[in-house]
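**Q** So the protein sequences, as listed, match chains A and B. FYI, the UniProt record's numbering numbers position 102 of the first sequence as 102, with every residue one higher than the one before it. FYI, the UniProt record's numbering numbers position 176 of the second sequence as 176, with every residue one higher than the one before it.
Think of the hints as simulated: they come from the structure by calculation, not from any bench.
Here are the simulated EDC-like cross-link-like pairs (lysine to aspartate or glutamate), alpha carbons at most 20 Å apart as the crow flies:
hint, chain 1, residue 1, chain 2, residue 2
1, B, K160, A, E107
2, B, K317, B, E356
3, B, K256, A, E91
4, B, K231, B, E385
5, B, K225, B, E46
6, A, K82, A, D105
7, A, K82, B, D201
8, A, K132, B, E155
9, A, K131, B, D201
10, B, K24, B, E59
11, B, K317, B, E353
A quick note: this is a predicted structure, and the numbers were derived from the prediction, not measured.
What follows is the residue order along each chain.
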Amino acid sequence: MTNISFPEPTITQVSKPFWDKIDLQEFYLQQCEDCQKWIFYPRAHCPHCFGEELLWKKASGSGTLKSWSIVHRAGHPAWQEKTPYAVGIVELLEGPSLLTHLIIDQEQLRYQLPVTISYEKLGDRYLPFFKKKGD
Amino acid sequence: MAKRPNGAIIGIGELKPARYSEGKTTLGLIAESVLLAVKDAGISKEEIDGLLVGPQVGETPQHVPATVSEYLGIEPTMTNTVDLGGATGAGMVWRAAAAIEAGMCETVVCVLANKNEKGNAPRSPNRNPIREFDVPFGASGANTSYALLKREHMERYGSKQEDFAQIAYLARNNALQNPKAIFYGKPVSVEDILQSPMISDPLHLLEIVMPCAGGACVIVTSAEKAKHSSKYPVYLQGAGEKITHRAVSQAPAIDKLPFVYSIPQALKQAGITGEDLDLLSLYDCYTSVVATQIESIGICEQGQFASFLRNHTFDHKGDYPLNTHGGQLGFGQADLAGGMSHVIEAVLQLRGEGGERQIPNIKHALVTGNGATLSETTALVLGGER
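Taking the hints into account, I'd like the entire structure generated from these sequences.
**A** Listed below in structure tokens is the structure:
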């Protein structure tokens, strides 16, 4: 199975600043100059107000756990070797939510658990995984 | 009564789902389904002037309407690809009626089919945000997405594994009354469901539809023409639709999922309430999807589906007949055609052709469709009167 690689992010011109910062182990999000709301995933416009002035700003990298699943049968063959593992949806303090890989023991997973970012290397690149706050 | 698209279903055709197909093409299965529906409607090929089809990953990625028209041998004056995942079947019905009312055509074939070859499922060709921001974290595929929605329900409302297993049990139990169902003659207990392998915790194997090969077609015509139909026409009385997101990571909170808009909209167009429904033909790719819908009809409070299930009965003789054909959990999911099975069961019941599972005195059926991860939702009210 070693010849099957993990599916890497399919980076675009618009999302490149996000991934470039992740590679430096920094977490940046876009904020709309018009409505002040934060945006994830990266776009060239604000999905909240259709504003077009977006600024990249350093974000907290913290949030709470909205939901999670322990994957036993992965949807991708490379990930099957890692099962069982946990993925979850994190509601960031800034507002938007994202899907991520959780480095949290199964028995510690609970609704609205405070979590924080943890940069983990998968293949050649860092990915924003999340761990329990304080760990 | 609210403004609504008018039309009627005068023909249905459905292939018996098969676990795998051998030597079949999707186009071939489409043609089989259409011929069944045309025969059922008692119309001639020349009367078909509209065609709605679904996307086909792999076989015909583009120009689906023209490819299907040519293969069937028809020359429609209105055609389109409806791309709403599991909501495609229900979404086709009101689109057909709307196109008829707009004067673009009078009799529309709505058809969905899929081959399913063993070991040869096409991989998603997505190169978009869900591929960039979800898949790299180990969350590809619908099972994990629906597991996340189920977990959120359990945490928010305290619903239990046994409650969700009950939904799969009811489906499998109703499938015992439907010889076409993939699980006909294969009863399971709630315990069997809870003991089935965990696929993506908290989702068990038997809470997930079985992918099949098959096809389904309905023929929609004008309410005027339906009066002269050889078959008892089934009228579109109301429709609602709502799309809120694509990836589960971008979904609204569990009590704001799009069915809370689309189902009430369909009921409003029909001028009825949830209590007037005699059949709930609810899209059921996973158990938790049914829970969310039961809580969106106005017959059960948000988060309270479990007590609702305990206090009512759901077979054809029950006070809330639910997926009397076995749902897709019992019938099988022939890809997009699985969603059409909910339309076809409603038509059979409203015609009085339910056989041993006929619902007595049925007047109104709610039919729903759901695509992606509770992203694209469509609701229809079908009835025997215009």
